[in-house]
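Quick note, the sequence shown lines up with residues 531 to 796 if you use my numbering.
Please keep in mind that the hints were generated in silico from the structure rather than gathered at the bench. A quick note: this is a predicted structure, and the numbers were derived from the prediction, not measured. Hints are not guaranteed to be accurate.
[Said to hold, decoys possible] Using C-beta positions, here's what the derived DEER-type ranges look like: (1) 706 with 616: 28 to 34 angstroms; (2) 793 with 706: 16 to 22 angstroms; (3) 782 with 569: 42 to 48 angstroms; (4) 671 with 763: 39 to 45 angstroms; (5) 621 with 649: 32 to 38 angstroms; (6) 675 with 608: 27 to 33 angstroms; (7) 795 with 618: 38 to 44 angstroms; (8) 670 with 618: 39 to 45 angstroms; (9) 566 with 795: 41 to 47 angstroms; (10) 764 with 620: 19 to 25 angstroms; (11) 704 with 733: 39 to 45 angstroms; (12) 616 with 649: 39 to 45 angstroms; (13) 793 with 763: 18 to 24 angstroms.
Using N, Cα and C, we set each Cβ at its ideal position, and we do this for glycine too.
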Amino acid sequence: MTATTLTPDSVAALSEQFAAAGVTAGRSVLVHASMRAVGHVDGGAATVLAALRRVIGRAAVVVPAQTPNNSTSSPAYRLATRGMTPAEVARHIARIEGFDPATTPSFGMGAFAEHVRREPAAVRSTHPQTSFAAVGHGAAELMRVHDLDCHLGERSPLGALYEADATIVLLGVGYDACTALHLAEYRLPRRSTRDYCCFLRDGDRRVRCDFTGLDLDDSDFGLLGQALEAVPNAMVTEGRVGRARTLSMPMRRSVDFAVGWMTRNR
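Working from the sequences, and respecting the hints, build out all of it.
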């Protein structure tokens with residue numbers, strides 16, 4: 531059996547598992563996934579996507595399609611250049627091709643996210659560092675706005691997903707991977723900013739982009755996740771898809787809760 535073969539039994543079984551984990555019909559989903567945590571699935575990421583779409587119907591499946599390697603200001607850049615000489619750093623920067631939303635692969639987002647990004651009908655937002663990709667009804671509208679100075683805020687797909695009250699799905703990953711929680715940071719009364727640098731493709735040219743944006747911090751997302759799970763009226767639904775612990779939660783309530791939690795605890 532090839533890696534792209536879909537089997538009806540696998541799709542049906544995973545669909546039931548997603549539904550048991552709180553995924554519902556008609557509601558778009560923002561999915562962070564580890565296929566390794568899910569374990570072997572006939573058809574791999576394609577089967578997982580088909581199962582999700584069977585549950586939600588025409589609604590959109592959204593994934594992070596981020597490219598932190600396209601940067602001189604990201605943790606990925608600092609890790610890649612650690613121990614390099616100035617000349618080696620300069621050569622590393624020269625090799626950064628620049629972001630093209632149509633062709634640039636995501637970096638570090640996992641096999642499921644990359645599968646969705648490469649779907650023929652996928653729509654991708656245009657941010658050169660923190661893009662998202664989506665398939666399904668309304669995908670283009672969800673991806674339409676993604677301003678350069680707004681990595682993960684109101685003027686990004688997260689703002690549109692909040693308005694749509696999408697469901698956040700953590701498939702075999704922890705809360706540190708939950709980009710939706712960053713939206714809460716943009717709503718805090720006290721916010722710090724920092725400078726960023728990345729690159730865009732403009733035909734055959736690489737264009738440098740310098741901008742100022744929110745100084746994002748996910749270091750306490752694990753604690754925030756514990757607080758979300760402790761909410762008395764069960765904001766978080768837990769299940770298992772394949773071998774992966776799977777969590778789902780409504781985006782609006784989760785982000786609203788996160789704003790209050792961060793205000794008190796940061």
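### Query
Honestly, do residue 764 and residue 620 meet the 19 to 25 angstroms range at C-beta?
This hint is violated: roughly 53 angstroms between Cβ atoms.
### Query
Do residue 793 and residue 706 keep their Cβ atoms within the hinted range of 16 to 22 angstroms?
holds, 20 angstroms
#### Entry: Cβ distance range 39 to 45 angstroms for residue 671 and residue 763, holds or violated
violated, 31 angstroms
### Message
Please check whether residue 704 and residue 733 have a Cβ separation lying inside 39 to 45 angstroms.
### Response
Because 40 angstroms falls inside the window, the suggested range holds.
### Message
Given the hint of 39 to 45 angstroms, is the C-beta distance from residue 616 to residue 649 inside that range or not?
### Response
Holds: the Cβ-Cβ distance is about 41 angstroms, inside 39 to 45 angstroms.
### Task
Look at the Cβ atoms of residue 621 and residue 649 and judge whether their distance stays inside 32 to 38 angstroms.
Roughly 35 angstroms apart at Cβ, these two residues keep to the hinted range, so it holds.
### Query
Would you say the C-beta atoms of residue 670 and residue 618 sit inside 39 to 45 angstroms of each other?
Holds - the Cβ-Cβ distance for residue 670 and residue 618, about 41 angstroms, lies within 39 to 45 angstroms.
### Task
Please test the hint of 42 to 48 angstroms on the beta carbon pair from residue 782 and residue 569.
violated, 32 angstroms
### Message
Within 41 to 47 angstroms: is that where the Cβ-Cβ distance between residue 566 and residue 795 falls?
### Response
violated, 31 angstroms
### 38 to 44 angstroms as the expected CB spacing between residue 618 and residue 795, which holds or is violated
This hint holds: roughly 40 angstroms between Cβ atoms.
### Message
Taking 27 to 33 angstroms as the stated bounds, is the beta-carbon spacing between residue 675 and residue 608 within them?
### Response
holds, 29 angstroms
### Query
Do the beta carbons of residue 706 and residue 616 sit within 28 to 34 angstroms of each other?
Holds - the Cβ-Cβ distance for residue 706 and residue 616, about 32 angstroms, lies within 28 to 34 angstroms.
Violated hints, listed in ascending order, are 3, 4, 9 and 10; each of the other numbered hints is respected by the structure.
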